[in-house]
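Asker: Take a look at the letters that make up each chain.
2 protein chains.
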Amino acid sequence: MTAPFSFELDATDGLARAGQFTTPHGVMNTPQFMPVGTLASVKALDPEDLHRLGATMILANAYHLRLRPGDEMIRTMGGLHRFMHWDGPILTDSGGFQVFSLEGLRTINEQGVEFRSHLDGSLQQFTPESVMRIERNLGADVIMQFDHVVPGQTEAGLARVAMERSIRWLERCRVEFDRLMREDPDAPTPVQALFPIVQGGIHADLRRESATAIRDAADWVGLGIGGLSVGEAKPDMYAMLDVVNEALPTDRPRYLMGVGFPEDLVEGVARGVDLFDCVAPTRMGRTGAFFTTTGRRSIKNAAWRLDPGPLDDECSCAACSRFSKAYIRHLFVSEEILGLRLLSLHNVHFLVALMRDARAAVQAGTFQGWSRDWLARYHSRSTSS
Amino acid sequence: MTAPFSFELDATDGLARAGQFTTPHGVMNTPQFMPVGTLASVKALDPEDLHRLGATMILANAYHLRLRPGDEMIRTMGGLHRFMHWDGPILTDSGGFQVFSLEGLRTINEQGVEFRSHLDGSLQQFTPESVMRIERNLGADVIMQFDHVVPGQTEAGLARVAMERSIRWLERCRVEFDRLMREDPDAPTPVQALFPIVQGGIHADLRRESATAIRDAADWVGLGIGGLSVGEAKPDMYAMLDVVNEALPTDRPRYLMGVGFPEDLVEGVARGVDLFDCVAPTRMGRTGAFFTTTGRRSIKNAAWRLDPGPLDDECSCAACSRFSKAYIRHLFVSEEILGLRLLSLHNVHFLVALMRDARAAVQAGTFQGWSRDWLARYHSRSTSS
Numbered sequence: 001m002t003a004p005f006s007f008e009l010d011a012t013d014g015l016a017r018a019g020q021f022t023t024p025h026g027v028m029n030t031p032q033f034m035p036v037g038t039l040a041s042v043k044a045l046d047p048e049d050l051h052r053l054g055a056t057m058i059l060a061n062a063y064h065l066r067l068r069p070g071d072e073m074i075r076t077m078g079g080l081h082r083f084m085h086w087d088g089p090i091l092t093d094s095g096g097f098q099v100f101s102l103e104g105l106r107t108i109n110e111q112g113v114e115f116r117s118h119l120d121g122s123l124q125q126f127t128p129e130s131v132m133r134i135e136r137n138l139g140a141d142v143i144m145q146f147d148h149v150v151p152g153q154t155e156a157g158l159a160r161v162a163m164e165r166s167i168r169w170l171e172r173c174r175v176e177f178d179r180l181m182r183e184d185p186d187a188p189t190p191v192q193a194l195f196p197i198v199q200g201g202i203h204a205d206l207r208r209e210s211a212t213a214i215r216d217a218a219d220w221v222g223l224g225i226g227g228l229s230v231g232e233a234k235p236d237m238y239a240m241l242d243v244v245n246e247a248l249p250t251d252r253p254r255y256l257m258g259v260g261f262p263e264d265l266v267e268g269v270a271r272g273v274d275l276f277d278c279v280a281p282t283r284m285g286r287t288g289a290f291f292t293t294t295g296r297r298s299i300k301n302a303a304w305r306l307d308p309g310p311l312d313d314e315c316s317c318a319a320c321s322r323f324s325k326a327y328i329r330h331l332f333v334s335e336e337i338l339g340l341r342l343l344s345l346h347n348v349h350f351l352v353a354l355m356r357d358a359r360a361a362v363q364a365g366t367f368q369g370w371s372r373d374w375l376a377r378y379h380s381r382s383t384s385s
Numbered sequence: 001m002t003a004p005f006s007f008e009l010d011a012t013d014g015l016a017r018a019g020q021f022t023t024p025h026g027v028m029n030t031p032q033f034m035p036v037g038t039l040a041s042v043k044a045l046d047p048e049d050l051h052r053l054g055a056t057m058i059l060a061n062a063y064h065l066r067l068r069p070g071d072e073m074i075r076t077m078g079g080l081h082r083f084m085h086w087d088g089p090i091l092t093d094s095g096g097f098q099v100f101s102l103e104g105l106r107t108i109n110e111q112g113v114e115f116r117s118h119l120d121g122s123l124q125q126f127t128p129e130s131v132m133r134i135e136r137n138l139g140a141d142v143i144m145q146f147d148h149v150v151p152g153q154t155e156a157g158l159a160r161v162a163m164e165r166s167i168r169w170l171e172r173c174r175v176e177f178d179r180l181m182r183e184d185p186d187a188p189t190p191v192q193a194l195f196p197i198v199q200g201g202i203h204a205d206l207r208r209e210s211a212t213a214i215r216d217a218a219d220w221v222g223l224g225i226g227g228l229s230v231g232e233a234k235p236d237m238y239a240m241l242d243v244v245n246e247a248l249p250t251d252r253p254r255y256l257m258g259v260g261f262p263e264d265l266v267e268g269v270a271r272g273v274d275l276f277d278c279v280a281p282t283r284m285g286r287t288g289a290f291f292t293t294t295g296r297r298s299i300k301n302a303a304w305r306l307d308p309g310p311l312d313d314e315c316s317c318a319a320c321s322r323f324s325k326a327y328i329r330h331l332f333v334s335e336e337i338l339g340l341r342l343l344s345l346h347n348v349h350f351l352v353a354l355m356r357d358a359r360a361a362v363q364a365g366t367f368q369g370w371s372r373d374w375l376a377r378y379h380s381r382s383t384s385s
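Top line first, the protein sequences correspond to chains A and B.
Numbering follows full-length UniProt numbering, with no gaps: position 27 of the first sequence is 27.
Numbering follows full-length UniProt numbering, with no gaps: position 382 of the second sequence is 382.
It is worth saying that the hints were derived from the structure and are not from the lab.
Treat each hint with caution, since some may be false.
Quick list of the computed label-pair ranges, beta carbon to beta carbon [said to hold, decoys possible]:
| # | chain 1 | residue 1 | chain 2 | residue 2 | range |
| --- | --- | --- | --- | --- | --- |
| 1 | B | Asp-178 | A | His-379 | 55 to 61 angstroms |
| 2 | B | His-51 | A | Arg-283 | 27 to 33 angstroms |
| 3 | B | Gly-26 | A | His-379 | 43 to 49 angstroms |
The C-beta atom is built at its ideal place from N, Cα and C for all residues, glycine as well.
My request is simple: use the sequences and hints to build the entire structure.
Answerer: Right under this line is the structure:
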């Protein structure tokens with residue numbers, strides 16, 4: 001593995017792992033939840049909020065930042081870390097998911113994807129090469145390959161086409177990435193790591209093929225698992241994780257993209273996942289939903305109108321340590337910005353703390369019992385009321 | 001003055017004053033700018049932000065809180081301080097301005113004002129007595145009388161009617177306030193201070209009459225000056241302040257309500273004002289406008305697109321010490337909540353710091369020169385670009 005990147009496993013418990021992932025911008029524990037700052041801001045949160053709740057690595061999105069304010073602009077401003085005042089590790093998603101979510105508005109071929117900007121309708125093209133240049137300009141520590149993403153329930157024929165194309169695009173990404181590392185040493189983060197993305201839909205044979213081909217293609221710093229939590233049923237997602245876990249190297253971090261809810265994180269750790277990201281905690285925060293140890297709730301529920309207690313009795317976040325459900329509900333109903341911030345902050349804290357607890361359980365050799373008890377409690381009253 | 005309230009003058013310089021105002025929830029320096037938290041939240045800001053930028057006293061609004069979530073509900077939750085987690089001094093405006101701003105939707109008579117809630121259209125009535133009970137329930141340290149407010153340019157006849165009614169309503173407020181202090185000792189803040197409000201439009205004789213009558217009516221802890229910065233020209237506002245300053249006692253804090261912009265604060269201090277409040281800094285923050293030492297600016301200006309500098313070179317707020325104009329502009333254009341928060345935070349910090357500097361100048365005996373230089377700089381490039 002290329003310095004300054006490294007990955008050490010501190011402990012394993014069954015298939016669950018506790019590790020440390022070192023990047024140019026610092027070391028992080030795994031398993032870890034990474035908050036998503038799509039447009040160079042984790043919505044409604046300040047970098048200080050993130051530091052305080054224990055977040056280490058955050059995400060940004062190359063598709064969105066390319067469109068506005070532009071990757072070259074961000075490079076001019078010194079790169080993402082300086083631009084958004086985050087000195088910890090950053091990962092950029094290539095935008096594959098966003099581009100393929102545009103549906104009828106894009107044309108896919110072997111060269112890449114042509115699409116119209118959702119902002120101003122201008123014609124754009126993403127290729128494996130161009131995305132590598134965008135992600136070089138942004139300067140994240142870890143950059144994701146540009147892949148051909150298909151919806152979770154896609155039938156095997158089309159899933160195979162996308163999976164095989166993603167492997168060919170991975171090679172093009174790798175070549176351009178290596179060239180940029182050699183020829184563009186003045187980039188904001190000179191040494192980056194390119195992660196491949198395992199695809200294959202909900203077809204075990206395709207997933208196995210994808211993971212094996214990718215694993216054999218190069219000595220990756222880490223590997224992404226894509227195309228899950230995009231409409232497929234949870235049992236299918238968990239089954240695919242089982243398949244992929246067997247095929248991927250154990251001495252590299254595994255990153256399950258776009259996942260997820262608390263139960264998905266716990267089930268993911270149980271199946272060998274080390275890194276997660278999802279917009280759910282911040283998006284939910286803006287719609288009034290919040291996590292508790294006994295399931296999801298909505299702050300809009302009239303039951304909370306006079307509730308003096310915190311969002312979650314066991315949470316130590318900056319919202320739960322200071323404000324009542326009654327106050328946060330008042331803020332939300334009154335459309336006060338502080339309400340959105342407190343809910344988002346709590347939700348992100350919840351997931352980061354959950355992974356911290358999972359890690360401790362793996363280190364103590366008690367993960368199986370801990371996860372079973374945690375899931376039972378979480379599902380015990382999981383009405384979203 | 002009733003303990004725990006007191007007011008000490010540390011220094012004067014011309015008509016400008018530096019003092020200390022003691023309340024049940026702490027001591028504050030004057031002159032001071034008080035951020036407005038209409039609905040029990042200073043929009044987009046966290047109490048921690050306010051503490052950090054040096055705010056001491058904040059406002060909330062009895063009209064808005066009466067309508068939602070209700071003053072009785074807030075009393076049940078322990079009062080405003082506990083509800084919104086602010087342990088410093090709080091002042092509640094009676095809602096006179098809001099009620100009278102409803103225009104055709106309300107009926108005014110000697111008893112009080114009948115109006116329809118802007119939230120759900122329900123019929124409501126505010127009287128001097130009912131407003132005292134609302135403000136008792138909310139539990140602010142300082143509560144404002146319920147007054148008859150008229151627009152700034154109102155002709156003398158109508159201005160006189162409103163001014164004289166406000167004096168009669170002040171007496172009714174005082175009687176009910178005294179009764180509540182005796183008969184409702186379990187209120188969230190047992191010892192409150194009722195401030196009267198000087199009215200009279202832009203008519204010097206009416207202002208003098210109002211100030212004199214109010215001054216002679218009781219030994220007030222402090223006095224409000226209302227009905228200014230509501231559409232009248234600035235020279236008229238300043239002229240009214242000159243008149244009122246002469247008539248009001250010098251050993252009591254004078255609170256100029258709803259003011260204002262940086263230049264108004266400086267001109268107000270020059271004319272004997274000690275306390276200010278205004279929604280401008282937070283409202284402007286949400287429309288992209290921000291204060292600098294050389295005038296107002298808009299973050300939307302394309303000139304800032306690649307600007308690596310802070311909003312204001314001389315500002316030490318949490319926005320200016322960390323983020324570039326380029327980043328904040330990107331946030332604002334992208335409708336990111338953090339952008340609104342950073343702009344609001346900067347603007348409030350700007351006014352609080354301005355009053356801190358004004359106080360220091362008064363103490364040093366250099367207020368006249370300091371204010372003249374400050375105003376000249378502020379107006380030197382005051383295009384709102």
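Asker: Next, verify each hint and record whether it holds.
Answerer: The hints, checked one at a time:
1. B:Asp-178 - A:His-379: 55 to 61 angstroms: Since the Cβ atoms of Asp-178 (chain B) and His-379 (chain A) sit about 58 angstroms apart, the hinted range of 55 to 61 angstroms holds.
2. B:His-51 - A:Arg-283: 27 to 33 angstroms: holds, 30 angstroms
3. B:Gly-26 - A:His-379: 43 to 49 angstroms: Holds, since Gly-26 (chain B) and His-379 (chain A) (Cβ atoms, about 47 angstroms apart) stay within the stated range.
Violation of the numbered hints given earlier is absent; every hint is satisfied by the structure.
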